[in-house]
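J.: Each chain, written out:
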Amino acid sequence: MTLLSIRDLTVHHGLLRAVDGLSLDLERGEVLAIIGANGAGKSTLLRALAGLDSPTSGTVHLADRDITRHPAHRRVSAGIALVPEGRRLFRSLTVEENLLTGTYRRRPGPWSLERIYELFPWMTERRRQNAAQLSGGEQQAVAIGRALLSNPDLLLVDELSLGLAPVIVRRIYEALPEIVAAGTTALIVEQDVSQAMRVADRVHCLLEGRSVLAGRPAELTSEQVEHAYFGIGD
Amino acid sequence: MQWINALVQGLLLGGLYALFATGLSLMFGVMRIVNLAHGDLAVVASFLALALVGGTGLPLWVVIVVTVPLFALLGYLTQRVLLQGSLSSGPMATLLVTFGLSIVLQNVLLEIFSADTRTLDSGSFATSSFHLGPITVGWLPLVTFLLAGAVLAGIGVFLSRTGLGRMLRASSDDRETASLVGADSRHVYGVATAIAFATVALAGLMFAVRSSFDPATGPSRLIFAFEAVVIGGLGSLWGTLLGGIVLGVTQSIGSQIDPAMTLLAGHLVFLAVLAFRPQGLLAGRTA
Amino acid sequence: MTLSHLLSERAAAAVDVRRAARTSKVSGGVLLALVVLLAALPYVVFSDVTDTLVNFFVLVALAGMWNLLAGFGGLVSVGQQAFIGIGAYSVIALADLGVQPYLAVPLAALTCVVFAVPTSWLAFRLRGDYFAVGTWVIAEVYRLLVVRIDALGGASGKGLSGLSGLDPALRGALTYWVALTLTLATVGGCYLLLRGRVGLSLMAVRDEETAASAAGIDVTRAKRIVYLVSAAGCGAAGGVITVSSLSVNPDAIFNVQWSAYMIFIVVIGGIGFIEGPLIGAVVFFALQQLLADFGSWYLVILGVVGIAAARWLPGGLWGLVRDRTGLSLFPVGYHVRTGDVR
Numbered sequence: 001m002t003l004l005s006i007r008d009l010t011v012h013h014g015l016l017r018a019v020d021g022l023s024l025d026l027e028r029g030e031v032l033a034i035i036g037a038n039g040a041g042k043s044t045l046l047r048a049l050a051g052l053d054s055p056t057s058g059t060v061h062l063a064d065r066d067i068t069r070h071p072a073h074r075r076v077s078a079g080i081a082l083v084p085e086g087r088r089l090f091r092s093l094t095v096e097e098n099l100l101t102g103t104y105r106r107r108p109g110p111w112s113l114e115r116i117y118e119l120f121p122w123m124t125e126r127r128r129q130n131a132a133q134l135s136g137g138e139q140q141a142v143a144i145g146r147a148l149l150s151n152p153d154l155l156l157v158d159e160l161s162l163g164l165a166p167v168i169v170r171r172i173y174e175a176l177p178e179i180v181a182a183g184t185t186a187l188i189v190e191q192d193v194s195q196a197m198r199v200a201d202r203v204h205c206l207l208e209g210r211s212v213l214a215g216r217p218a219e220l221t222s223e224q225v226e227h228a229y230f231g232i233g234d
Numbered sequence: 001m002q003w004i005n006a007l008v009q010g011l012l013l014g015g016l017y018a019l020f021a022t023g024l025s026l027m028f029g030v031m032r033i034v035n036l037a038h039g040d041l042a043v044v045a046s047f048l049a050l051a052l053v054g055g056t057g058l059p060l061w062v063v064i065v066v067t068v069p070l071f072a073l074l075g076y077l078t079q080r081v082l083l084q085g086s087l088s089s090g091p092m093a094t095l096l097v098t099f100g101l102s103i104v105l106q107n108v109l110l111e112i113f114s115a116d117t118r119t120l121d122s123g124s125f126a127t128s129s130f131h132l133g134p135i136t137v138g139w140l141p142l143v144t145f146l147l148a149g150a151v152l153a154g155i156g157v158f159l160s161r162t163g164l165g166r167m168l169r170a171s172s173d174d175r176e177t178a179s180l181v182g183a184d185s186r187h188v189y190g191v192a193t194a195i196a197f198a199t200v201a202l203a204g205l206m207f208a209v210r211s212s213f214d215p216a217t218g219p220s221r222l223i224f225a226f227e228a229v230v231i232g233g234l235g236s237l238w239g240t241l242l243g244g245i246v247l248g249v250t251q252s253i254g255s256q257i258d259p260a261m262t263l264l265a266g267h268l269v270f271l272a273v274l275a276f277r278p279q280g281l282l283a284g285r286t287a
Numbered sequence: 001m002t003l004s005h006l007l008s009e010r011a012a013a014a015v016d017v018r019r020a021a022r023t024s025k026v027s028g029g030v031l032l033a034l035v036v037l038l039a040a041l042p043y044v045v046f047s048d049v050t051d052t053l054v055n056f057f058v059l060v061a062l063a064g065m066w067n068l069l070a071g072f073g074g075l076v077s078v079g080q081q082a083f084i085g086i087g088a089y090s091v092i093a094l095a096d097l098g099v100q101p102y103l104a105v106p107l108a109a110l111t112c113v114v115f116a117v118p119t120s121w122l123a124f125r126l127r128g129d130y131f132a133v134g135t136w137v138i139a140e141v142y143r144l145l146v147v148r149i150d151a152l153g154g155a156s157g158k159g160l161s162g163l164s165g166l167d168p169a170l171r172g173a174l175t176y177w178v179a180l181t182l183t184l185a186t187v188g189g190c191y192l193l194l195r196g197r198v199g200l201s202l203m204a205v206r207d208e209e210t211a212a213s214a215a216g217i218d219v220t221r222a223k224r225i226v227y228l229v230s231a232a233g234c235g236a237a238g239g240v241i242t243v244s245s246l247s248v249n250p251d252a253i254f255n256v257q258w259s260a261y262m263i264f265i266v267v268i269g270g271i272g273f274i275e276g277p278l279i280g281a282v283v284f285f286a287l288q289q290l291l292a293d294f295g296s297w298y299l300v301i302l303g304v305v306g307i308a309a310a311r312w313l314p315g316g317l318w319g320l321v322r323d324r325t326g327l328s329l330f331p332v333g334y335h336v337r338t339g340d341v342r
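Order-wise, the sequence lines are chains A, B and C. Each residue of the first sequence is one higher than the last, beginning at 1 in our numbering. Each residue of the second sequence is one higher than the last, beginning at 1 in our numbering. Each residue of the third sequence is one higher than the last, beginning at 1 in our numbering.
Next up, chain A with everything else stripped away, as it sits in the complex (with noise of 0.2 Å):
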């Protein structure tokens, strides 16, 4: 069953094209990494699903609904979230209300604040302590919670693991099974590509805001990803 919907989606970022005519299905319970150069419009595809970047043309729908021109706040409600790049934590908030403001909406769903604290144990002990004194994977995962907190249909990540160490990446993907498992499906924008092939049920490689490339990990070679990724052959 098909939940996100992407026609022709066009969305420019100042004069440049940054997404180009994208098409894309997403379908209930699965994982789909975006992969691609910097500058291939991940970010932007993701400000666009999001609604931070209005699209010059093309359609979104969620879940059959037309969402293509709703303002961020009322996907919240429809049932999307982004972590955005960076985690743009709220400073001067401790981590639990960081983690807090995702219920704002009151969106019904599997998570909640004591299910978040199982799934990374370590924010229990530290949720009263301020947002801008963790490690940037701590502040990583406490977007993520934070975002599954408006429990979405939809779980959108940029960039998860810029900036961050390969081991701390590895932990927090290691949430990533039983986020789907709840019922969650997730787009995630990934730079690290062995690390988006690993966890993600399809991929689609984008160059120049174009898919040039999406399948199964296990159907697509290394050379043509490499291909696809840095824009060779054709």
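Careful, some of the hints might be misleading.
Claimed, not checked - Sample of chain C residues with no beta-carbon within 10 Å of chain B, all distances over it, derived:
id, residue
1, ALA151
2, SER213
3, PHE285
Claimed, not checked - Partial selection, computed: residues in chain B whose CB lies under 8 Å from chain C:
id, residue
4, ARG32
5, GLY85
6, PRO91
7, MET92
8, VAL104
These are calculated hints, taken from the structure and not from any lab test. Where is the CB? At the ideal position from N, CA and C, for every residue including glycine.
We have chain A already, so just place chains B and C on it with the hints.
T.: Coordinates of chains B and C only, in the frame set by chain A:
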């Protein structure tokens, strides 16, 4: 002994300053708007109370109960109709809009009520006092101080314990990310402005009972609020309380030295803070 | 005739628009003719006309200085009345010391620069919007300090000495010329300043402050120069107000109303254009004359017009004219293309 007396009077006055300054601090913290009509709004509340008490003979507490929610509503509408649109045009536009509002309010008051200096007569309560050892404490200053403290504590609880309050603080940190967890910034801004207007109205009513006012009083009141906010530290509720008290005490002690020094003493402390501790006494970003 | 000599020199500087690539010689010629006509006015019309024009010139000069500060320097001040007051009181004090009051006007500008240096140290600690109210507090402090000086008349103000011997007609004409010179000097000064290095720095800062400072532009220095020039201009304007009214009152001269006037003239005329304050002052002045019978309602209308302009007409009237016609009398500021700057 009169120095301790001055200290106590200043402290009580400072609580009112803090209540009055909270709205300015809140609007700046959440929206980065410096509301130049802040003082004039307080004066509008004073005149409204004057008209209601004089025109209908209602007791003051009823006037407060009517005026404060009315101002909250007015604040929400002002934000949505007047300020929201100018926010996108940059800080200069909002500053000019609020400055224009200030001029409009002052001169409308001038046309309706003339330039005469007024006081709001609240009966014997305004002048009655009790003795605490050698110090005389007026009931009115004490009640205004306690009320101001209670309102500030209430706002503090709202900001830290409720979802909407948290969202106000979150929006103040990062508006875009707040929208990612579902905050409609227009609504959040409207609520912040509503709280600001409500506290301004309450402070204006208390000013009206405590001291005389005329249509041109607003700007000097705005300066008090501004000084309290900067002395205490931008964006901190408790900093604003401290700033208000420092300002109140300074003015009170200044007037003890020389009545003409009242305002100047406050300004000079403000400038000293600006020169030596520009982040304010309590630097923080909680509200 | 030294005065008119000086005048024509300043006038020449002000209308030397031929250097501008896209300004036609025609508009330069029209401006020159206008200046000559204005300079000759005391010989042709009655003194009430020139007296009214003195007020007009003062407003143009003040608005020009505010525009320089806010529109080009990005420093939105609500406290320029500090320098109007200091300038006015300087003229009073210098006249008491025996300086010819008209000569005291340029000296008042210098005094203001001296005061503006330490003032800027304090005020520049406040960023953005808080700068506005901070400068206002500083203006209040100056007022409260001035009223404590008995030699300056305290709270009731003081009369200007040194002009009583002059024939009223001559005095009126001289005041008129001084006011005209002030206006031409402020307009010309802005133009020259903004076409030079400072203007270039400011434009870079306005586009992207961080990048500008990374590129080696001393942002604070450029802003400070603008602040000092603006203080000087406002001080000279305060001096002109004093030689025109022959007395000074602390509450009136340090009144925030001056800031209101400056801001509305600039916002209505078009912020960030040298032409803005000129056209804004004409509109403001017309409104003032038209609505004179309506008391403070005219300020209410002014406030509403100002709000509407800030909200819906960010470029002001001149922005509108320029968008329609592409006309530019003083090509500096926003509208300078990179080709012009070189």
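J.: Name the hints, by number, that the structure is in violation of.
T.: Of the numbered hints, all hold.
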